[in-house]
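Trainee: Given next are the chains, with one letter for each unit.
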Amino acid sequence: MADSRRNFLKSAFAASGALALSGCTKLSEKPWVQSALGEVENVTRRVQRAFAGRHALAPEFTKSDIAPVFRANGTLNPQTADYAAHAANGFRDWRIPVEGLVEKPLSLSMDELRSMPSRTQITRHDCVEGWSCIGEWTGAPLALILAAARPKPKARYVMFFCADPMGNLPSGEAAFYYESLDLLEASHPQTILAYRLNGQVLPIEHGAPVRLRAERQLGYKMAKYVQRIELVDSFAAIGGGRGGYWEDQGYSWYAGI
Amino acid sequence: MTSQAESVRGGRTGLPAWLRKALGLAPEGPYYKFYRHALLVRLTHWANAIILFVMLLSGLQIFNAHPALYWGKTSQFDHPILSLTARWDGDTVTQGVTQIGPWQFDTTGVLGASRIDGEMTARGFPDWATIPGPQWLAMGRLWHFAFAWLFVLNGLIFVAWAYWRKHAQRDLWPTRADIRHLPREIADHARLRFPRGEAAKRYNALQKLAYAFVIFVLAPLVILTGLTMSPTMDSAFPFLLWVFGGRQTARTIHFICAFSFLAFFIVHIVMVVLSGSWNNIRSMITGRYVIEGKDSHG
Numbered sequence: 001m002a003d004s005r006r007n008f009l010k011s012a013f014a015a016s017g018a019l020a021l022s023g024c025t026k027l028s029e030k031p032w033v034q035s036a037l038g039e040v041e042n043v044t045r046r047v048q049r050a051f052a053g054r055h056a057l058a059p060e061f062t063k064s065d066i067a068p069v070f071r072a073n074g075t076l077n078p079q080t081a082d083y084a085a086h087a088a089n090g091f092r093d094w095r096i097p098v099e100g101l102v103e104k105p106l107s108l109s110m111d112e113l114r115s116m117p118s119r120t121q122i123t124r125h126d127c128v129e130g131w132s133c134i135g136e137w138t139g140a141p142l143a144l145i146l147a148a149a150r151p152k153p154k155a156r157y158v159m160f161f162c163a164d165p166m167g168n169l170p171s172g173e174a175a176f177y178y179e180s181l182d183l184l185e186a187s188h189p190q191t192i193l194a195y196r197l198n199g200q201v202l203p204i205e206h207g208a209p210v211r212l213r214a215e216r217q218l219g220y221k222m223a224k225y226v227q228r229i230e231l232v233d234s235f236a237a238i239g240g241g242r243g244g245y246w247e248d249q250g251y252s253w254y255a256g257i
Numbered sequence: 001m002t003s004q005a006e007s008v009r010g011g012r013t014g015l016p017a018w019l020r021k022a023l024g025l026a027p028e029g030p031y032y033k034f035y036r037h038a039l040l041v042r043l044t045h046w047a048n049a050i051i052l053f054v055m056l057l058s059g060l061q062i063f064n065a066h067p068a069l070y071w072g073k074t075s076q077f078d079h080p081i082l083s084l085t086a087r088w089d090g091d092t093v094t095q096g097v098t099q100i101g102p103w104q105f106d107t108t109g110v111l112g113a114s115r116i117d118g119e120m121t122a123r124g125f126p127d128w129a130t131i132p133g134p135q136w137l138a139m140g141r142l143w144h145f146a147f148a149w150l151f152v153l154n155g156l157i158f159v160a161w162a163y164w165r166k167h168a169q170r171d172l173w174p175t176r177a178d179i180r181h182l183p184r185e186i187a188d189h190a191r192l193r194f195p196r197g198e199a200a201k202r203y204n205a206l207q208k209l210a211y212a213f214v215i216f217v218l219a220p221l222v223i224l225t226g227l228t229m230s231p232t233m234d235s236a237f238p239f240l241l242w243v244f245g246g247r248q249t250a251r252t253i254h255f256i257c258a259f260s261f262l263a264f265f266i267v268h269i270v271m272v273v274l275s276g277s278w279n280n281i282r283s284m285i286t287g288r289y290v291i292e293g294k295d296s297h298g
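Line by line, the protein sequences are chains A and B. Counting from 1, one number per residue, gives the positions in the first sequence under our numbering. Counting from 1, one number per residue, gives the positions in the second sequence under our numbering.
Because the hints were derived from the structure by calculation, they are not lab data. Since we're looking at a predicted model, the values are computed, not measured. Each residue gets a CB set at the ideal place from its N, CA and C atoms; glycine is no exception. Misleading hints may appear alongside valid ones.
Pulled from the structure, derived: some chain B residues nowhere near chain A, Cβ distances all over 12 Å [to be verified]:
id	residue
1	G14
2	T94
3	T107
4	G155
5	A177
6	L182
7	P183
8	P195
9	R288
Now the stretches of chain A that chain B is said to cover, found in silico as 3 or more residues with beta-carbon under 8 Å [what the hints assert, rightly or not]:
id	region
10	56-68
11	214-228
12	245-257
Make the full structure from the sequences, and use the hints.
Mentor: The structure is reproduced here in C-alpha cells:
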C-alpha cells in the first residue's frame, strides 16, 4: 500500500515535471514567448545603465593576472581570398571607413589608427558561454574616432562590419560577422579599436588587424576583423535586423549580462 | 476561525488511522482548523516554486554552454574544479565523465554524455534537466534573465510583507529557545516525530533555520553572485568581485547556491510528505491546517 502510493507519487511527480519541462521547450519555440522574454532585456539594460552610467569602468587587472594563453573563440582565420591577401602583406593596405550618419566620413589606415592616442588596458574577457580570460589590449579609443567623424544628431548606433564570413544567408549571399553598440557604449573610455594583445601585434586568431573591445559587454559584442564602421539611426534593415550576427541567432542585443 | 462542529467530520471515511495520518487527512478524534498561512505567503510560495523551477533548469542550460567551474578571477582551463566532459571514439561519444578536483567518475547517460533521441551526445546536464531541452543557450538566457526579475520581485514582496506583518520576526527568525531545543528536535525529526497539537501551529527550530537560511542567506547570495557574472554590474559595483573573489569563483558559488536550493527542495518535499502530505499541501493552498485536539482558544 505504502509502496504503491510512493510509486504513484513518484511517477506523478516525474510526469508533472516532464510536462512542465516539455511545456517550456515548446514555449521556447513560440515567437511571442521569445519576444516577451526578450522584452525583459530592455528592463535589464535600463536598470544596469542606471547603476553603471556612462563612465563606470570595467575592472582592470595587473600584468600578473594575464592569462598565459588567451583563448581564441569564434572565427580563428577568415577564409576569404581578400583577407588572405591582406594578411600576406601584413595588413598594410587595411583601411577602415567610418561612414553613415557622420558629418565627416573617415577612412582610417592602420598607420593613422596607430598614431592616434592609445589606451592600454588589462581587462577580463567574458564569453557568453561562461568562461573568462584576462589580457592586455592596446588600441585607439573609439570615442576619439567618433569625435573626429562627428556623428549627426540622428545617429544612434555604431555598426561594425567584419571580414569573417559566417555561412550563407537564406538568399544564398555570404553573411559576414557584424555587431553594433549604441553611442553610449561606443563612447565609453574603455571601448577601443584594439590592434595589440599582450604587447604583440594582434594575432589573426584574435581578429587581426583590428578588433573591438567593449569591456562592459560579453565577448560576442567585440567584433574581430573590423573592416568598416557605419553610424546608423536603426539597424532594422541590416542583416537579420537585430543588430549583430549572434543577435540574429536569438542572442540579446544588450550584452551587459 | 475554528469550530467544534467540524470535529464531528473526523470519523466519516473509515480509513485506517495510520493511513489518515500518513496522508494528512483529518484525525478521527476531535480537531479544528487553524489558519496557518496568510494569502500573501501562499501566493509568493507557489510563484516562487514556478520561478525556481525555471531558474534552475534554464541555469543548467546556460551551464551546459561551458560545463566546467573554476576558482578565481578567470578560467584556468586545465584546472577546473568541476567539469562534465565526454570521451570520444572517433565520431562516437562513448562515455560521460564528471571530474571533481582530481577525481573522475563515469557518469555516462546523465552527466557529460547523455542520449538525445536515442543518440549519445556530449552534454553537461541531460536534456530532461534543462530549459529548453535541446542545446539552446540564447533561449536559456532569455528564460533565466526574465525569471530572475520575477525571483527578485517575488522575494522583495514576500520579505517586505513578512517584516511589515511581523511574520519574519515572529515566525522565521530562530529564537534562543529554538536553538536550545535544536538537539532534541533533530532527534525527533530523525525518528519522524513531528510536532502535534499546539506545537504544530508554529515553525519548529529546524524549519525556522531552514527557511531563514534559504530566504536570508541563499537567496541574496544567489542574486549577488549572479550579478557578479555581469560585466556591466562589475563596472557599477566592483566590490562584488572583491567580496566573491573573482567572476569565476562567483560563478561557482552561484552553481553551489542553485544546488543548495535543489537540496532544500528535496528535503522540503520529503518533510511535506512525511509530516502529513494533504494537511500540509492544503494549508499552503487554502491556508487552513488541521490540528488534533480541542481548540483551547476557541
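Trainee: Checking each numbered hint in turn, tell me which of them this model violates, lowest number first.
Mentor: As far as the earlier hints go, not one is violated by this structure.
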